[in-house]
Each structure stands twice: as structure tokens, then as C-alpha cells.
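**Q** Each chain, letter by letter, is given below.
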Amino acid sequence: MKKLICMILTLAMALSLTACGGTETASVSTDGSTSMQKVINALGEAFMEDTGANFTYNATGSGTGIKAVKDGTCDIGLSSRYLKDSEKAEGLKETILAIDGIAIIVHTDNSVADLTLQQISAIFKGEIPNWSEVGGKDGEIVCIGREESSGTRDGFESITDTEDACVYRQELTSNGAVLTAVAENPNAIGYVSLSSVKDTVNAISVSGVAPSEATIKDGSYAVQRPFVLVTKEGVALSETAQAFFDFATSPAANEIIRAAGVVPVN
Amino acid sequence: MKSNKVFERAVHGIFLILGLVTVACVLLITVYLVISGIPAILEIGLLDFLFGMIWDPAASNPQYGILPFILSSIYGTVGSLVIGVPVGFFTAVYLSKKASPKVKEWMGAAVSLLAGIPSVVYGLVGMMVLVPGIREVFHLPDGASLLAAMIVLAIMILPSIIKVSITALDAVPKEYEDASLALGATPEETWFRVSVPAAKSGIATAVVLGVGRAIGEAMAVMMVSGNVANMPKLFESVRFLTTAVSSGMGYADGLYREALFSIALVLFLFIMLINATLNFFLKGEKK
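Heads up: the protein sequence lines correspond to chains D and H, in order. The working numbering applies: residue 1 is where the first sequence begins, and numbers increase by one. The working numbering applies: residue 267 is where the second sequence begins, and numbers increase by one.
It is possible that part of the hints are untrue.
Have a look at the derived ranges for each label pair, beta carbon to beta carbon [to be verified]:
1. Leu-544(H) <-> Ser-207(D): 51 to 61 angstroms
2. Lys-70(D) <-> Thr-288(H): 35 to 45 angstroms
3. Pro-305(H) <-> Ala-26(D): 33 to 43 angstroms
4. Leu-312(H) <-> Val-265(D): 45 to 55 angstroms
5. Lys-70(D) <-> Leu-500(H): 39 to 49 angstroms
6. Asp-50(D) <-> Asn-327(H): 43 to 53 angstroms
Dumping the calculated BS3-like pairs for lysine-lysine here, alpha-carbon to alpha-carbon at most 30 angstroms [said to hold, decoys possible]:
7. Lys-125(D) <-> Lys-84(D)
8. Lys-137(D) <-> Lys-499(H)
9. Lys-499(H) <-> Lys-125(D)
Read the hints as simulated data drawn from the structure, not as lab findings. These numbers were taken from a predicted model, which means no experiment stands behind them. Glycine included, each C-beta is placed from N, C-alpha and C at the ideal position.
From just these sequences and the hints, can you work out the full model?
**A** See below:
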């Protein structure tokens with residue numbers, strides 16, 4: 001009995017391992033950032049329709065995606081941050097697919113409509129504890145963020161230079177949860193992917209620049225991060241994977257990328 | 267005759283296999299948790315892991331102390347019992363002894379329905395109603411707190427407490443109660459002096475089930491407790507053992523990921539310990 005279970009488990013594990021590597025059929029596998037789910041799935045669907053090839057996406061997180069490329073368990077890795085120098089030194093190559101803006105959101109009753117990057121940084125570090133100090137009504141600022149391993153949090157904290165220093169009142173595990181929490185609390189401030197902002201909250205402008213496609217693309221909106229395709233330097237992709245790569249980085253994909261709420265760069 | 271025996275043997279074998287599957291699952295999970303949970307504990311150090319007060323695995327100088335989670339889980343569970351057990355217990359006594367059959371039927375159905383609501387719905391309602399409510403009532407900057415988690419858990423454990431207690435109370439032999447009434451005790455005295463003590467072990471089982479549900483719940487807690495790794499305070503944002511695992515698992519890697527397995531191992535041992543202790547006391551009382 002035990003042997004049988006062991007066998008079944010081993011078989012299942014072996015299958016799941018090979019599932020990501022399937023390059024011999026006409027397929028392309030991607031692995032990585034959950035923030036890129038919407039855009040990469042839209043691209044994948046369009047690609048499948050055009051070519052009939054198989055497209056898979058594993059939503060695991062930037063770190064895991066980068067590792068998967070390095071280990072060769074997928075064709076293209078997805079990262080929502082620039083590669084570190086150490087990762088580039090390991091022979092990985094980054095190609096920027098699009099730019100995602102991170103919107104700073106507050107409750108709709110909040111009169112504060114503009115903050116500088118320094119103010120945002122100080123607010124999240126707990127150095128500015130009250131809205132009255134930044135021109136709002138009297139009320140203790142409630143910072144709402146994402147869990148430690150979130151790509152959005154990583155992006156936000158590296159841009160605002162608040163790594164390991166944020167004093168959060170809530171650490172939620174999705175953009176939607178942050179939206180709900182901020183919409184429920186008049187003293188809350190939070191951050192979410194620009195593409196997921198709804199009108200239940202106000203997205204404030206940063207140093208006078210409102211978040212929008214134009215301001216993100218020209219770089220004037222400060223709170224932004226790249227969506228990166230990660231490949232191995234000097235190692236040729238499979239024919240299908242190369243076709244997908246070319247398609248995703250071609251101007252033809254811009255409409256799809258834009259529809260997914262992020263800003264295309266190519 | 268012979269074919270009958272063969273048939274019996276076959277059925278016996280099938281049931282044995284089904285039973286063994288359950289045992290194998292338990293063994294598999296236990297072994298897997300121990301194997302994957304031990305390395306991180308060894309690397310971090312058992313004392314630093316269990317009694318460290320700071321959890322910051324993503325920092326440049328990561329720290330893996332889970333005391334805040336352990337205490338939050340204990341406080342949250344105890345708090346939910348303090349709120350949930352009296353309510354559930356008295357509801358059960360009322361429904362079993364006092365309520366008219368019609369009321370009992372309707373309320374019973376409502377309680378069953380409560381048991382069938384998915385935990386994410388509890389969490390959502392808690393997030394939209396309870397958290398803002400706590401903020402308003404106690405004049406806090408934010409309502410996501412240990413208290414919110416306690417209240418949600420209290421409501422979630424109500425069905426198991428009520429249902430199991432009712433079954434136990436209904437099973438008390440009518441002669442006991444008749445004898446008590448015949449001796450001149452009022453109905454209320456009879457319920458609390460005769461029926462409840464007679465149903466004691468069943469009610470205790472109900473509480474154990476409640477503890478199990480409360481300490482193991484992740485989704486609803488995650489949505490209302492704020493999920494920050496603070497040392498537990500009633501009106502502060504806290505993170506439970508369960509939510510620590512589930513909120514990190516999506517992205518974590520390396521030692522961080524291994525540490526999450528270690529947390530799961532601690533949670534597992536915790537639940538085993540609680541069950542064993544309670545079982546010991548319950549069995550002890552029966553003798």
C-alpha cells in the first residue's frame with residue numbers, strides 16, 4: 001500500500017516537474033511575477049490564437065521566475081523588478097516589456113490630493129503620523145501595504161526608499177484587499193498596481209504628476225516599476241519561445257499590453 | 267455459503283484499505299512537515315525561532331522570530347472561546363430544553379447554515395462591516411485588530427459548539443430530568459444541575475472542536491486581523507500562525523520558505539498538543 005502511494009506520488013512529482021520544461025512540442029512556458037499575470041495572459045492568449053502554439057504561465061513570483069530561467073525549467077522568466085547585478089552576472093538578460101505604475105491611494109473623503117515622494121516615504125516610515133501635517137484633516141494616518149514577499153511592496157519600497165522601514169497597520173495579500181481596506185477607512189493610505197485602481201478610492205498625484213499612461217511612460221510619474229522578460233544570455237530560445245518573445249516586444253502587442261492596464265515601451 | 271465468505275473477506279479488505287488510506291495520509295503529512303520543517307529551525311536555532319519577537323524575513327538582515335504568531339494564535343483562540351462558548355452553550359441549552367419544536371427546527375437550520383458559510387465570506391463581511399465598526403466604536407485609527415479576529419472566530423465556532431452540545435443534551439436520559447423535577451427542582455435547576463452535568467463530555471467535545479476550528483482558521487483571520495507581525499494587543503494588527511504561512515507561501519523562497527514550513531510544523535504540534543491534553547482531561551473525568 002505504502003509503496004503504491006509512494007509510486008503514485010513520485011509519478012505525480014515527475015510529471016509536474018516536466019510540465020514546465022516542455023520545449024520539444026510547439027509551446028512556450030513562462031514563470032514568474034504574479035503582478036504580470038494580466039498582461040502576460042492576454043499576450044499568451046493572443047499568441048495562441050495566432051500561432052496555435054501552446055502557452056503556459058506559472059504565477060509564482062519574480063524571484064521564482066528568475067530562478068526558473070536560470071535552472072532552465074521554463075523558457076521566459078517574468079520579473080516585476082530590474083534584475084540585480086548579481087543575477088545579470090549569472091548570465092541572465094532583461095528585456096523590458098512594459099512599465100507598471102504603482103498608484104498611491106487614499107479614501108475618497110480625503111482632501112489630500114498631492115504628496116511628494118519624500119512625504120510618502122516619511123508617511124510610510126511613521127515619521128508623519130497625522131494627515132494635518134500634509135494639509136489634510138486631523139486624523140492618524142493608517143498605512144496599508146502588502147505582505148513581505150509581494151512584488152508590488154518590493155517595487156513601492158525600493159522606489160520610496162523605505163525598505164525594511166515601513167510601519168504598516170495592515171499587510172494584505174492582494175491589490176483588491178488593499179483597495180477595499182483603503183475604501184473603508186477615511187484615514188488610510190495604501191499602494192496598488194495602477195491597473196487595479198478603481199473609483200472607490202482616490203489615486204493621488206506625486207509631486208504634482210498624476211499617475212497615467214503618459215506620465216509613466218515619460219518617466220515623470222515617480223512611482224513606477226518595469227515588467228521584465230528574463231532570458232539567458234547567449235542561449236537561443238526555442239523557435240516558439242522566440243516567436244512569442246518577438247511578438248510580445250513588437251509594437252503589435254502594444255494594444256494588448258495597454259488593455260491589461262500597463263504601459264508598453266516598445 | 268463459501269461465496270458469501272469470499273464476499274465478506276473482500277468487503278473487509280476494501281474497508282481496511284480505505285482505513286489505511288486515511289492513516290497513510292496522516293503519516294505522509296506528519297513526515298513531510300517534520301522533514302521540511304526541521305532544517306529551517308536548525309538553521310535559525312530553536313530558541314531564536316520560537317521565542318524571537320521580530321519576524322522580518324524579507325529584510326536585508328532577516329529575522330525569523332515567531333513568538334508574535336504563537337501568542338496571537340493563542341490569544342485569538344482563547345478570546346474566541348471566551349466570546350463563543352457562553353453564547354453557544356446557552357443557545358444549545360435553550361434549543362435542547364426550552365424551545366418549542368418549531369423554534370428548534372428553524373434555529374437549528376439557521377445554525378447549520380452558519381456552519382456552511384465559507385470562511386472567505388466571514389472574512390469579507392468582517393472586513394466590510396466589523397472592521398469599520400470597531401474603528402468607529404472604539405475611536406481607533408483602524409479597526410483591523412486582534413479583537414476583530416476574535417469576534418469573527420467566535421461566530422465561526424458557534425455552529426460546532428451549538429450542534430454538538432445539542433446532540434449531547436438531547437441524549438440525556440429523560441428519567442434523570444423527570445426524577446429531578448419530581449423531587450421538586452424547577453426546570454432551570456434541572457437543566458443546569460442535571461442535564462448539563464450529564465452531557466458534560468459531549469459539551470467538552472464541542473469546545474474541543476471549536477478550539478480546532480479557531481486555531482486552524484486562516485482565510486477569515488487574514489482579512490480582518492491586519493496581518494502585521496506585531497506582538498498581540500487587543501486593538502493592534504496581528505498575524506496568526508496560520509496566516510503567517512498562507513500570506514508568505516505565494517512568493518517566498520529560500521530560508522524564508524523553509525521557515526514557513528517550520529511555522530506549519532509548530533502549528534501542527536500545537537493542535538496535536540491541545541487535542542491530546544483535552545482528550546486526556548475528558549477521559550480522566552469519565553472515570
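**Q** So, for every hint listed, does it hold in this structure?
**A** Each hint tested on the structure:
At about 59 angstroms, the CB distance of Leu-544(H) to Ser-207(D) agrees with the hint of 51 to 61 angstroms. Between Lys-70(D) and Thr-288(H) the Cβ separation comes to about 41 angstroms, which falls inside the hinted range of 35 to 45 angstroms. Checked against the hint of 33 to 43 angstroms, the C-beta distance between Pro-305(H) and Ala-26(D) comes to roughly 40 angstroms, which is consistent with it. Between Leu-312(H) and Val-265(D) the C-beta distance comes to about 49 angstroms, which sits within the given range of 45 to 55 angstroms.
The supplied range of 39 to 49 angstroms is met by Lys-70(D) and Leu-500(H), whose beta-carbon atoms lie about 46 angstroms from each other. Remark: the range hint 43 to 53 angstroms for Asp-50(D) to Asn-327(H) is upheld by a beta-carbon distance near 48 angstroms. For the given pair, Lys-125(D) sits about 25 angstroms from Lys-84(D) by alpha-carbon distance, which is consistent with the 30 angstroms threshold. As the CA atoms of Lys-137(D) and Lys-499(H) are separated by approximately 27 angstroms, the hinted pair is consistent with the 30 angstroms bound.
As the CA atoms of Lys-499(H) and Lys-125(D) are separated by approximately 21 angstroms, the hinted pair is consistent with the 30 angstroms bound.
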